[in-house]
Amino acid sequence: MAVVFVRPKLPKLARDPWAIQFDSDGHLKHLLTIEGLGAEWVTRILDTAESFLSVTGRDVKKVPLLRGRTVVNLFFESSTRTRTTFELAAKRLSADVLNLNISTSAATKGESLLDTMRNIQAMQADMFVIRHEQSGAAHFLARHVEQHVSVLNAGDGWHAHPTQALLDVFTIRKMKGEFAPLRVAIVGDILHSRVARSQIHALNTLSTGEVRVIAPRTLLPAQVEKLGVRVFHDMREGLKDVDVIIMLRLQRERMEGALLPTEDEFFRLYGLTPEKLAWAKPDAIVMHPGPANRGVEIDSEVADGPQSVILQQVSNGIAVRMAVMSLCMGGREE
Amino acid sequence: MSHSDTPVSAHAPHDLDAYLHSMVHDLRLRIDSGALRDPLMIGIHTGGVWVAKHLHAALGLSEPLGKLSIAFYRDDFTHIGLHPQVSPSSLPFDIEGRDIILVDDVLYTGRTIRAAMNELFDFGRPSRVLLAVLCDRPGRELPIQADVVGASFMLDHHEEIVLSGPEPLNLSIQHRAVEA
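Protein sequences appear in the order of chains A and B. If you number the first sequence the way our numbering does, the last residue is 334 and the count never jumps. If you number the second sequence the way our numbering does, the last residue is 180 and the count never jumps.
Hints may be right or wrong, so weigh each one.
[To be verified] Below, a list of computed lysine-lysine pairs in the DSS-like style, where the Cα atoms sit at most 27 Å apart:
1. A:Lys-176 with A:Lys-240
2. A:Lys-91 with B:Lys-53
3. A:Lys-61 with A:Lys-174
4. A:Lys-174 with A:Lys-91
5. A:Lys-276 with A:Lys-174
6. A:Lys-240 with A:Lys-276
7. A:Lys-174 with B:Lys-67
8. A:Lys-62 with B:Lys-67
9. A:Lys-62 with A:Lys-174
10. A:Lys-176 with A:Lys-276
11. A:Lys-61 with B:Lys-67
12. A:Lys-226 with A:Lys-240
[What the hints assert, rightly or not] The following label-pair restraints were derived from C-beta to C-beta distances:
13. B:His-83 with A:Leu-227: 29 to 39 Å
14. B:Asn-170 with A:Glu-237: 57 to 67 Å
15. B:Asp-76 with A:Glu-146: 21 to 31 Å
16. A:Glu-237 with B:Phe-121: 51 to 61 Å
17. A:Glu-178 with B:His-25: 47 to 57 Å
18. A:Arg-268 with B:Asp-76: 26 to 36 Å
19. A:Asp-23 with B:Ile-144: 31 to 41 Å
20. B:His-25 with A:Gly-68: 15 to 25 Å
21. B:Ala-18 with A:Lys-61: 35 to 45 Å
22. A:Glu-133 with B:Glu-141: 48 to 58 Å
23. B:Glu-141 with A:Val-60: 23 to 33 Å
24. A:Asp-23 with B:Met-154: 34 to 44 Å
25. B:Glu-141 with A:Ser-24: 23 to 33 Å
[Claimed, not checked] Derived list of chain B stretches under chain A, where covered just means 3 residues or more per stretch with a C-beta under 8 Å from a C-beta of chain A:
26. 61 to 72
27. 75 to 81
What the hints contain is simulated information worked out from the structure, not anything from laboratory work. These figures come from a predicted structure and were not determined experimentally. Glycine is no exception: its CB is placed at the ideal position from the N, C-alpha and C atoms.
Take these sequences, add in the hints, and give me the full structure.
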């Protein structure tokens with residue numbers, strides 16, 4: 001069977017593409033990728049998120065940190081969970097929020113990303129949250145925004161989805177504590193997954209004991225071992241002694257050609273069922289970045305079962321995004 | 001005798017026990033007279049919580065001590081950003097309609113108290129808020145005054161009061177590092 005693999009064009013990045021995330025004082029300004037943050041900043045973001053969790057339990061679920069600031073959600077790809085949690089995070093920080101779904105807007109009339117950004121910047125935006133199908137789109141924006149504007153990457157192509165990875169390690173830390181003794185398995189469509197790339201960077205940044213990927217060869221990027229993971233093609237071997245199982249969504253819309261036999265076949269081999277879950281540690285937790293294809297990569301019984309923390313991931317996502325927004329926007333005014 | 005009536009010399013030995021005792025005495029009078037009804041106590045992170053622990057124990061208040069961390073309410077956020085370690089506020093009670101004793105270690109510009117009151121009202125609407133501080137000093141930038149004061153210090157702007165703790169509590173007056 002012919003495997004057709006079309007790699008998307010990556011824009012040229014600077015030699016040290018993650019350095020742009022910091023201002024001249026070494027303060028976090030943009031969040032584009034986990035790379036370059038180091039354990040110190042990742043931990044600082046998680047600690048800050050921890051204190052934002054408490055805001056959710058109050059009468060008024062709002063703090064005035066970003067009052068008077070404008071956050072613009074620029075979504076060139078559809079998203080429900082990510083966009084709404086970014087929106088809620090900004091609102092809980094008292095910012096004004098503008099949501100733009102560009103697929104239905106000017107881009108279809110031929111306006112470029114840069115034009116869109118400049119027009120919105122002229123409306124005094126302070127932060128852009130961008131999701132784009134092109135890898136590197138958030139970097140591109142960060143290089144061109146005005147000095148005071150921050151850019152958060154909400155997913156660019158196959159490249160990165162840093163806030164998702166941060167909320168995942170935040171959830172793992174809350175459930176399991178230390179990272180050093182943990183074995184974490186990421187299962188499924190690694191090839192098309194910006195989430196997996198960011199998760200691997202985040203887990204390795206925090207010195208996780210072992211990070212595994214479990215997938216068929218056709219759904220693994222070339223030289224995936226170089227990211228610092230152990231590769232498995234078999235679920236029984238891969239799930240043995242694992243503390244955390246992260247299931248990925250099978251990205252059917254990104255499949256070009258015959259990377260997979262059929263979805264039924266995939267579910268039989270890699271779909272997380274109660275039987276396969278039993279191969280992991282008895283207290284293993286099950287995660288999924290959503291939206292889950294039930295019956296394709298995960299069985300409903302597992303997704304809704306006692307070991308699933310999928311809904312905690314969603315609520316943790318708000319606190320983590322509040323932390324990233326306030327760390328990027330605070331303390332940069334003279 | 002109240003220590004708050006006459007300013008204390010910055011260089012005199014600091015009798016912390018006496019300051020705390022005077023605060024307890026003042027607060028108890030207000031409770032006994034009915035001016036404060038069944039009050040809740042809330043300390044401002046971190047020094048205010050240390051002081052509040054002493055007052056809370058000495059007054060024998062029945063409900064647990066609340067802690068307020070004003071990091072998300074500071075008015076200098078755009079200049080200095082978030083503190084690296086923000087410990088969350090914890091108010092293990094409902095403040096709606098209650099009398100509240102708000103406790104801090106030092107009352108200086110008044111900005112901390114402004115932030116604390118803003119945060120407090122995001123938890124509910126208390127009936128009355130009374131401010132108790134261990135140390136008062138000149139330098140107010142907002143119209144805020146304390147109701148109960150352990151000791152007043154006449155200090156220049158280059159001097160600062162530093163409380164270390166939690167056990168033992170220790171008070172010292174230090175010269176502020178000169179700003180560049």
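Hints versus structure:
A C-alpha spacing of about 17 Å is found between A:Lys-176 and A:Lys-240, which places the hinted pair at or below 27 Å, so the restraint holds. At most 27 Å may separate the alpha-carbon atoms for a hinted pair to count; A:Lys-91 and B:Lys-53 exceed this at roughly 35 Å. A threshold of 27 Å between alpha carbons decides the hint, and for A:Lys-61 with A:Lys-174 the separation of about 21 Å falls inside it, so the pair holds. Under the criterion of a C-alpha separation no larger than 27 Å, the hint pairing A:Lys-174 with A:Lys-91 is consistent with the structure, at around 24 Å.
Annotation: proposed proximity of A:Lys-276 to A:Lys-174 holds, straight-line Cα distance about 24 Å (limit 27 Å). Restraint check: the Cα-Cα separation between A:Lys-240 and A:Lys-276 comes to about 10 Å, which is no more than 27 Å; the hinted pair holds. Taking the CA atoms of A:Lys-174 and B:Lys-67, the gap is near 22 Å; set against the 27 Å cutoff, the hint holds. Using a Cα cut-off of 27 Å, the hinted pair A:Lys-62 and B:Lys-67 holds, with the two alpha carbons roughly 18 Å apart.
With a C-alpha separation of about 23 Å, the suggested pair A:Lys-62 and A:Lys-174 falls inside the 27 Å cut-off, and the hint holds. For the proposed pair A:Lys-176 and A:Lys-276, the alpha carbon gap of about 21 Å is at most 27 Å, so the pair holds. With a C-alpha separation of about 18 Å, the suggested pair A:Lys-61 and B:Lys-67 falls inside the 27 Å cut-off, and the hint holds. For the hint linking A:Lys-226 to A:Lys-240, the alpha-carbon distance of about 22 Å falls within 27 Å, and the restraint holds.
With their beta carbons about 34 Å apart, B:His-83 and A:Leu-227 fall inside the hinted range of 29 to 39 Å. Between B:Asn-170 and A:Glu-237 the Cβ separation comes to about 60 Å, which falls inside the hinted range of 57 to 67 Å. Distance hint check: the CB atoms of B:Asp-76 and A:Glu-146 are about 23 Å apart, consistent with the given range 21 to 31 Å. One distance hint, 51 to 61 Å for the beta-carbon pair A:Glu-237 and B:Phe-121, holds here, with the actual separation near 57 Å.
Roughly 48 Å separates the CB atoms of A:Glu-178 and B:His-25, a value that falls within the hinted 47 to 57 Å. Separation of A:Arg-268 from B:Asp-76 is about 59 Å and departs from the stated range, judged on CB atoms against 26 to 36 Å. Under the hint 31 to 41 Å, the C-beta atoms of A:Asp-23 and B:Ile-144, about 34 Å apart, fit the expected range. At roughly 44 Å, the beta-carbon separation of B:His-25 and A:Gly-68 lies outside the given 15 to 25 Å, and the hint is violated.
A hinted range of 35 to 45 Å holds for the C-beta pair B:Ala-18 and A:Lys-61, which are about 43 Å apart. Take A:Glu-133 and B:Glu-141: their Cβ atoms lie about 51 Å apart, and the range 48 to 58 Å holds. At about 26 Å, the beta-carbon gap between B:Glu-141 and A:Val-60 stays in the expected band of 23 to 33 Å. Under the hint 34 to 44 Å, the C-beta atoms of A:Asp-23 and B:Met-154, about 41 Å apart, fit the expected range.
Under the hint 23 to 33 Å, the C-beta atoms of B:Glu-141 and A:Ser-24, about 31 Å apart, fit the expected range. Counting residues of the region 61 to 72 of chain B whose CB falls under 8 Å from any CB of chain A gives 3; the rule of at least 3 is met. Coverage of the region 75 to 81 of chain B by chain A holds in this model, with 5 residues showing a Cβ closer than 8 Å to a Cβ of that chain against a need of three.
The structure does not agree with the numbered hints 2, 18 and 20 stated previously, though it agrees with the rest.
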